[in-house]
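S.K.: Each residue of the sequence shown is one higher than the one before, starting from 1 at the first, in full-length UniProt numbering.
Simulated from the structure, these hints should not be mistaken for lab results.
Some hints could be false.
[What the hints assert, rightly or not] DSS-like cross-link-like pairs, simulated, lysine-lysine; straight-line CA separation at most 27 Å:
1) Lys68 to Lys228
2) Lys227 to Lys290
3) Lys290 to Lys68
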Amino acid sequence: MPTAMATTDDDDVCSICLVGFHSGAGTPKQPPCGMSTTKFVYCNSRGPNCIDLSLSSSDIYQSVSLLKQACLDCGFFYVVNHGISEQFMDQVFAQSRSARRRFQGGPFYGPNVWPALDLLPGWRDTMEEFHRQALEVAKAVARLIALALDLDVHFFDTQEMLGEAIATLRLLHYDGQISDPANGIFGAGAHSDFGLITLLATDEVIGLQICKDKDAKPQVWEYVSPKKGAFIVNLGDMLERWSNCIFKSTLHRVVGNGQDRYSIAYFVEPSHDCLVECLPTCKSEENPPKFPPILCHTYLSQRYHDTHADLNVYKEPKK
1 MPTAMATTDD DDVCSICLVG FHSGAGTPKQ PPCGMSTTKF VYCNSRGPNC
51 IDLSLSSSDI YQSVSLLKQA CLDCGFFYVV NHGISEQFMD QVFAQSRSAR
101 RRFQGGPFYG PNVWPALDLL PGWRDTMEEF HRQALEVAKA VARLIALALD
151 LDVHFFDTQE MLGEAIATLR LLHYDGQISD PANGIFGAGA HSDFGLITLL
201 ATDEVIGLQI CKDKDAKPQV WEYVSPKKGA FIVNLGDMLE RWSNCIFKST
251 LHRVVGNGQD RYSIAYFVEP SHDCLVECLP TCKSEENPPK FPPILCHTYL
301 SQRYHDTHAD LNVYKEPKK
């Protein structure tokens, strides 16, 4: 549950919250998404593709090709040489751990606030700077996605899309419990993300798993190993809808192994007024649009209502 939240003063909107998971807290008693409680198969794969953001324009299509392959296959990939230094990433993790130790109480709800400067010196500056840099990484990834979809490289850069991006930065802590998948106990239960893309930085503790085919029986779950200095990027349901289900938003979950685990998730969505409709390069007479056009804020409101009907966790922006 969130224990502290804040919003930057930039044109882009970024909510920042601390989230702790304890003893499977927040995980349904029954496994979600129709998961079998009796059998799971674990697969050690070679891991997602690794996308280098530092390649020159003449070599960029090497990254586009690897990214497209990943988006068609599993919707997960690593991003390296993204411009955020390992030293700064270590600083963000250190601030995350410090904040977790100081905000151990129950859930906090109310207006977004920054922690007092004397409690967490430098915390706000660090988080705002991370938001600015992570958003630039997200925009760079979105340009590669545009090229992979045969769109103009700046398709997602427009004002109504990522020009006024909505981002949520979550500092996550899993408290060292051992998960029991056969009984539906996880660090975080199986889910897919609602938005456009998610950037994830993790410590060295393994725990993230993905399921490429949610309809398989039994489901096959693969570990995604941490990679120092890299972001793990996954596609959200909104991008799957936008691409007419050509690109995949994949089920993922966190399995605890008895070690404390920290991660930093950066969820990116377009402007709330952005119209999400089937991309022109993703439809044809043989493959017509599978979904009607919908505004981003309407789509997100529906998704949050479907999954959190008992909580007022998302409100459409005031006009």
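S.K.: Next, verify each hint and record whether it holds.
M.R.: Hint check results:
no.: 1; hint: Lys68 to Lys228; in the structure: holds (23 Å)
no.: 2; hint: Lys227 to Lys290; in the structure: violated (36 Å)
no.: 3; hint: Lys290 to Lys68; in the structure: holds (21 Å)
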